[in-house]
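Protein sequences, first through last, are from chains U and R.
To convert a position in the first sequence, counted from 1, into the numbering used here, add 73.
To convert a position in the second sequence, counted from 1, into the numbering used here, add 73.
In case anyone wonders, no lab produced these hints; they're calculated from the structure.
Any given hint could turn out to be false.
Chain copies aren't distinguished; within one or between two, either way the pair holds.
What the hints assert, rightly or not - Straight-line C-alpha distance at most 20 Å; calculated DMTMM-like pairs for lysine to aspartate or glutamate:
1. K159 to E180
2. K330 to D206
3. K159 to E226
4. K263 to D430
5. K188 to D430
6. K145 to D347
7. K145 to E227
8. K350 to D360
9. K263 to D315
10. K303 to E434
11. K159 to E417
12. K263 to E180
13. K330 to D347
14. K159 to E227
Remember, it's a predicted structure, so these values are computed and weren't measured experimentally.
There are 2 protein chains.
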Amino acid sequence: MSLPLEGFTVLDFGQVYNGPYCGFLLAQAGARVIKVESLIGETLRARGEQTTSSYPFALLNANKESISINIKSPGGQTLIRALAAKVDVVSENFAPGTMAKYGIGAEALTAINPKLVYASSTGYGNAEGPYRDYLGMDITLQAIAGVMSITGEEGGGPLKSAAAFADFIAGTHLYAGIVTALLKRSQTGKGSIVDISMQDCVFPTLATALGTYYLNGEQPARAGNRHPGKALAPYNTYRAADGHIAIICIREGHFRKLCQAMHREDLASDPRFDSFKTRCENMDALDQIINQWTEQHSRQTLLELTQAAGVICAPVNNLQDVLNDPHLAARGTLESLPHPHFGEVKHMHSALRFTGDSPRELAPAPALGSGTSAILSELLNYDEAQIAQLADDEAIGIGPS
Amino acid sequence: MSLPLEGFTVLDFGQVYNGPYCGFLLAQAGARVIKVESLIGETLRARGEQTTSSYPFALLNANKESISINIKSPGGQTLIRALAAKVDVVSENFAPGTMAKYGIGAEALTAINPKLVYASSTGYGNAEGPYRDYLGMDITLQAIAGVMSITGEEGGGPLKSAAAFADFIAGTHLYAGIVTALLKRSQTGKGSIVDISMQDCVFPTLATALGTYYLNGEQPARAGNRHPGKALAPYNTYRAADGHIAIICIREGHFRKLCQAMHREDLASDPRFDSFKTRCENMDALDQIINQWTEQHSRQTLLELTQAAGVICAPVNNLQDVLNDPHLAARGTLESLPHPHFGEVKHMHSALRFTGDSPRELAPAPALGSGTSAILSELLNYDEAQIAQLADDEAIGIGPS
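From just these sequences and the hints, can you work out the full model?
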């Protein structure tokens with residue numbers, strides 16, 4: 074069966090995580106994704122490393138082609154306009170106004186190609202507002218959007234998640250907006266301009282904390298791994314013999330099942346723990362009792378005991394655990410592929426899974442400009458002399474083909 | 074201009090955040106979203122509260138209709154099968170196997186309606202694998218997927234983000250999978266089964282930490298608000314006179330601009346700070362110098378000074394700051410609406426923004442079962458006597474209409 078986005082072509086100007094993750098999802102769903110890079114290549118190629126293909130770059134740019142175009146040059150801008158006439162989607166996450174500054178913004182390109190879906194994601198979106206032109210990255214979005222204020226140890230300072238989720242949740246919305254616009258186009262024949270703000274995308278993730286805020290009328294104190302607002306217990310990480318595990322009991326039944334798994338059925342009728350309310354009031358005592366049980370067992374044993382009893386529990390896995398996770402392997406999410414510098418590394422398949430469809434076979438991220446000549450020849454009918462001239466003019470870069 | 078998903082009808086069995094956020098995005102994009110609830114209503118209605126409409130419930134269920142159906146009853150199951158024949162999408166995030174146990178799983182419903190898109194999101198997805206039947210929630214996914222292991226204070230224990238991002242990033246993928254399947258259906262005429270695993274969705278957010286892992290061959294130590302792997306500086310939160318701000322310098326130019334904003338141009342040529350490498354080696358000294366500057370100014374002043382200089386910076390906002398954020402107001406993301414218990418509260422519009430389209434006018438979350446009679450009458454032609462009989466049989470609940 075064919076992949077859902079076969080036949081669609083995308084110009085992906087994405088950088089780092091947000092835009093490139095969107096392009097990754099598009100490529101894995103079957104689209105032809107042409108990664109447009111400057112003459113020195115996308116910044117993530119070498120981020121923090123002495124190599125030209127960092128692991129995150131390899132991960133997020135699988136199955137893409139690379140065309141190297143200097144969008145600061147008039148010749149490069151002409152090429153972008155010509156390519157925009159031939160493709161279905163342009164996606165970018167530059168600083169606000171970058172594409173327009175070079176005459177290749179949303180208005181210019183959709184005027185050339187009214188069927189085009191032009192999609193951008195920035196820190197704060199393209200609509201009017203005081204932050205519109207502000208630069209944003211994952212850490213600053215976690216700050217301004219409220220995430221840090223509620224995250225951290227009890228009594229400690231505000232903390233970010235080390236997972237770059239503001240970038241990735243925005244990239245997922247960018248993909249979602251593009252496909253929504255393509256679906257609309259299938260009915261109307263017309264393209265759209267999609268505008269994704271990272272700040273907008275992060276807001277809903279505050280739901281629990283905002284619920285507590287409106288209930289109590291004040292900012293909940295940072296609560297470590299406990300429930301924001303401390304309105305649910307057990308809800309925490311606990312010490313295992315070989316690390317930590319997380320347990321959450323959202324219904325009375327979960328707590329009774331946990332008591333059974335601990336062989337402490339007496340706790341369910343203990344007046345300190347016999348209701349949501351009393352368990353929250355005696356949270357410290359309850360967590361201490363649970364720790365006394367968990368620290369006797371390994372994470373794996375605790376996982377099996379709790380899941381067998383119907384308790385919601387999981388080990389706190391480190392990165393090596395995650396890369397070797399038996400479920401991610403069995404499900405086919407992670408797959409080993411050779412990397413130019415690090416030997417075998419784990420690549421992911423798309424989290425968009427369609428039952429019965431085979432996922433796209435993973436192909437390595439492209440070398441910089443390796444598709445330049447072929448793409449210009451195929452999509453724009455440029456001949457060798459024209460391509461050589463553009464390269465001489467430093468409008469394009471021709472990589473190893 | 075019409076909204077992109079007008080004309081599509083969705084049965085939304087979503088609970089808490091993951092499924093309901095997907096339904097929220099569908100509704101705001103113009104779909105008719107029928108929220109299917111048990112006779113006592115979705116758990117989020119009263120989560121941790123003494124009310125029947127928690128703030129998160131109101132937030133995520135705007136513009137939905139509510140039908141109350143007891144899917145444990147044969148009469149309720151018959152209704153679901155009849156409704157599935159009439160709609161475009163069924164979306165659910167129950168524990169694995171719940172829908173199939175009641176004879177209304179993906180295979181049963183897509184057999185009834187081959188054009189149906191049946192989409193589910195669970196902790197670990199529906200494909201074969203050791204965790205398939207495990208229960209998962211946001212905190213346990215942050216644990217098992219590696220997020221906690223890299224998040225936390227230097228020298229402290231593993232920590233979750235208090236933002237429920239595992240739930241929301243999965244809900245965004247669930248929406249993305251559904252719209253992708255609808256786009257494919259527009260070409261093939263056939264539905265799909267969409268399978269979203271929260272664990273899959275969280276994996277890419279580890280990108281920075283995994284890059285460090287492959288580069289150094291070991292788990293990076295938890296680094297507070299610093300770069301995971303400490304390969305970039307300045308990159309931290311800093312003390313302001315009235316809280317904290319976050320600053321990140323990803324290019325040499327950003328650091329020079331920060332030095333200018335601080336009136337400390339000397340630092341850019343100081344041998345301790347004149348390259349990425351030396352700045353990382355002297356991170357503590359550099360952070361101390363920056364703190365000496367930032368603690369003299371308010372967050373707002375620092376935001377203006379840094380953004381004017383082209384530095385990537387943002388205040389660490391608390392929840393009240395976020396709810397009153399001038400940009401979220403100016404952009405039209407947040408809007409005040411009355412809430413049955415909390416007075417005026419801030420609702421969000423969709424983060425999927427299409428330039429030139431007016432967002433859907435927000436309508437409050439429905440009362441439990443308030444749409445039951447009308448939906449059964451309209452979609453299935455049931456008459457009053459049939460509906461009364463189903464209510465007597467406790468197959469349905471009829472709320473205030």
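Going down the list of hints, with the structure as the test:
no.: 1; hint: K159 to E180; in the structure: within (16 Å within a copy, 40 Å between copies)
no.: 2; hint: K330 to D206; in the structure: between (52 Å within a copy, 17 Å between copies)
no.: 3; hint: K159 to E226; in the structure: neither (52 Å within a copy, 50 Å between copies)
no.: 4; hint: K263 to D430; in the structure: between (29 Å within a copy, 13 Å between copies)
no.: 5; hint: K188 to D430; in the structure: between (28 Å within a copy, 16 Å between copies)
no.: 6; hint: K145 to D347; in the structure: neither (68 Å within a copy, 28 Å between copies)
no.: 7; hint: K145 to E227; in the structure: neither (49 Å within a copy, 42 Å between copies)
no.: 8; hint: K350 to D360; in the structure: within (15 Å within a copy, 43 Å between copies)
no.: 9; hint: K263 to D315; in the structure: neither (57 Å within a copy, 49 Å between copies)
no.: 10; hint: K303 to E434; in the structure: neither (46 Å within a copy, 34 Å between copies)
no.: 11; hint: K159 to E417; in the structure: neither (37 Å within a copy, 49 Å between copies)
no.: 12; hint: K263 to E180; in the structure: within (14 Å within a copy, 35 Å between copies)
no.: 13; hint: K330 to D347; in the structure: within (13 Å within a copy, 58 Å between copies)
no.: 14; hint: K159 to E227; in the structure: neither (55 Å within a copy, 51 Å between copies)
Violated hints for the displayed structure, listed by number in ascending order: 3, 6, 7, 9, 10, 11 and 14.
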